[in-house]
Amino acid sequence: MPERQVVLITGARKGIGRFLAEHFAAGGAAVIGCGRTPADWTRDGVDYQRADVSSEADVKALVGHIQRAYGRLDVIVNNAGVASMNHSLLTPVATAERVLATNVTGTFLVAREGAKLMQRRRYGRIVNLTTVAVPLHLDGEAIYAASKSAVETLTKVLAHELGAFGITCNAVGPSPIATDLIHGVPAEKIEAITRRLAIKRLGRYEDVSNAIDFFVRPESDYITGQVIYLGGVS
Amino acid sequence: MRIILPMTQPQPPDREVVAALVMAATTDVMLQRGHADANVAPDTRLVGASAVLDSLGLVTLVVDLEQRVQDELGYGLTLANERAMSRTNSPFLSVGTLTDYIHGLIVETITRA
Ligand SMILES: NC(=O)c1ccc[n+]([C@@H]2O[C@H](COP(=O)([O-])OP(=O)(O)OC[C@H]3O[C@@H](n4cnc5c(N)ncnc54)[C@H](OP(=O)(O)O)[C@@H]3O)[C@@H](O)[C@H]2O)c1
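Same order as they appear, the protein sequences are chains B and W.
Using this note's numbering, the final residue of the first sequence is 234, and nothing's skipped along the way.
Using this note's numbering, the final residue of the second sequence is 113, and nothing's skipped along the way.
Heads up, simulated DMTMM-like pairs for lysine to aspartate or glutamate below, C-alpha to C-alpha not over 20 Å straight-line:
| no. | chain 1 | residue 1 | chain 2 | residue 2 |
| --- | --- | --- | --- | --- |
| 1 | B | Lys116 | W | Asp71 |
| 2 | B | Lys116 | W | Glu72 |
| 3 | B | Lys116 | W | Asp28 |
| 4 | B | Lys116 | W | Asp64 |
Here are the simulated distance ranges between beta carbons:
| no. | chain 1 | residue 1 | chain 2 | residue 2 | range |
| --- | --- | --- | --- | --- | --- |
| 5 | W | Arg83 | B | Ala164 | 21 to 29 Å |
| 6 | W | Leu56 | B | Ile223 | 18 to 26 Å |
| 7 | W | Leu56 | B | Glu206 | 36 to 44 Å |
| 8 | B | Lys14 | W | Ala49 | 49 to 57 Å |
| 9 | W | Gly74 | B | Arg120 | 12 to 20 Å |
Here are some of the chain W residues that sit facing chain B, going by a computed Cβ distance under 8 Å:
| no. | residue |
| --- | --- |
| 10 | Leu56 |
| 11 | Val63 |
| 12 | Glu66 |
| 13 | Gly76 |
Worth flagging that the hints you see were computed from the coordinates, not collected in a lab.
Virtual Cβ for every residue (Gly too), placed ideally from N, Cα, C.
Just chain B, with the same shape it has in the complex (with noise of 0.2 Å):
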């Protein structure tokens, strides 16, 4: 690749967007990192900024400064997420909204606005976050898993509406992985889950960045619309 890639990961404060952050940084690109609080942490080649990806506003600006500042926009990974783990007969519609508003709405309000960036090079590769909730249809996480499989169809029909202007779309999902988001699921169902799985582990940042990678080369302009699933779920 000779110009230096820019790209854009969402929720890169901690877990696996810091880790995406730093992995493309440590690849030689341009790293533009968000989140709704300030990061603890600094590295050459990632730039953070705060932003909801929920806030219309907030995306909005955080596109009109990538433009600015770097003039174009290759990558972009959907990876903030918050997850609620309860049964939904115990789930406050205030928890529903708010997972919905991140998940959903955040995922579509970044992809719209930064794809608008994308389309005047003819180039981009857009990245969603999903998980192995959706397809297992793991109890005690029905909006959480609801809003991934929204966001597996957004994947699908965005493939389709941005495949005329060089814009790949494509989802990857995570097994469990250890970070804070599962830190409050038990160690039994935990282990519930990597049984169900084809490779009986947990998963690693390095799963997800291997994936993602693959989705983002330049030599896979033709694979759009997929959704990867790690850990061998099928």
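Assemble the complex: chain B is given as a structure, and chain W with the ligand must be docked to it using the hints.
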């Protein structure tokens, strides 16, 4: 909603300035979409049976115009806002209606500030 306003431009641009922008963008998109030549006038239709652009062309035009309005006039507008999409008289009907619509949005942005 936070609106980004240019510090140096308290007056809205003349309608002619917006008209020129819409005409230039429409011409560019038409040529891009394979028209051999593009004679764009205020009554050039953008939607409906006699439209000069297909649906993808219209999407491209709207995105391109948001960009030009931002770059050349300094206003960060969202043209496909809910009000516009639900209006019976679509502001996207013709080059002229689109010009009025964008000019109106800029004036609104300034008076709201
Ligand atoms: N860990 C897993 O087992 C697992 C499995 C499958 C899928 N995933 C998916 O992987 C993604 C990352 O998860 P993770 O485990 O790394 O979670 P995490 O450790 O909880 O980190 C989530 C990140 O997203 C940011 N964020 C949350 N809401 C946001 C918003 N509205 N706007 C901007 N940033 C926001 C957070 O920063 P701020 O708080 O500063 O905003 C944080 O940096 C999520 O989409 C998740 O669904 C995770």
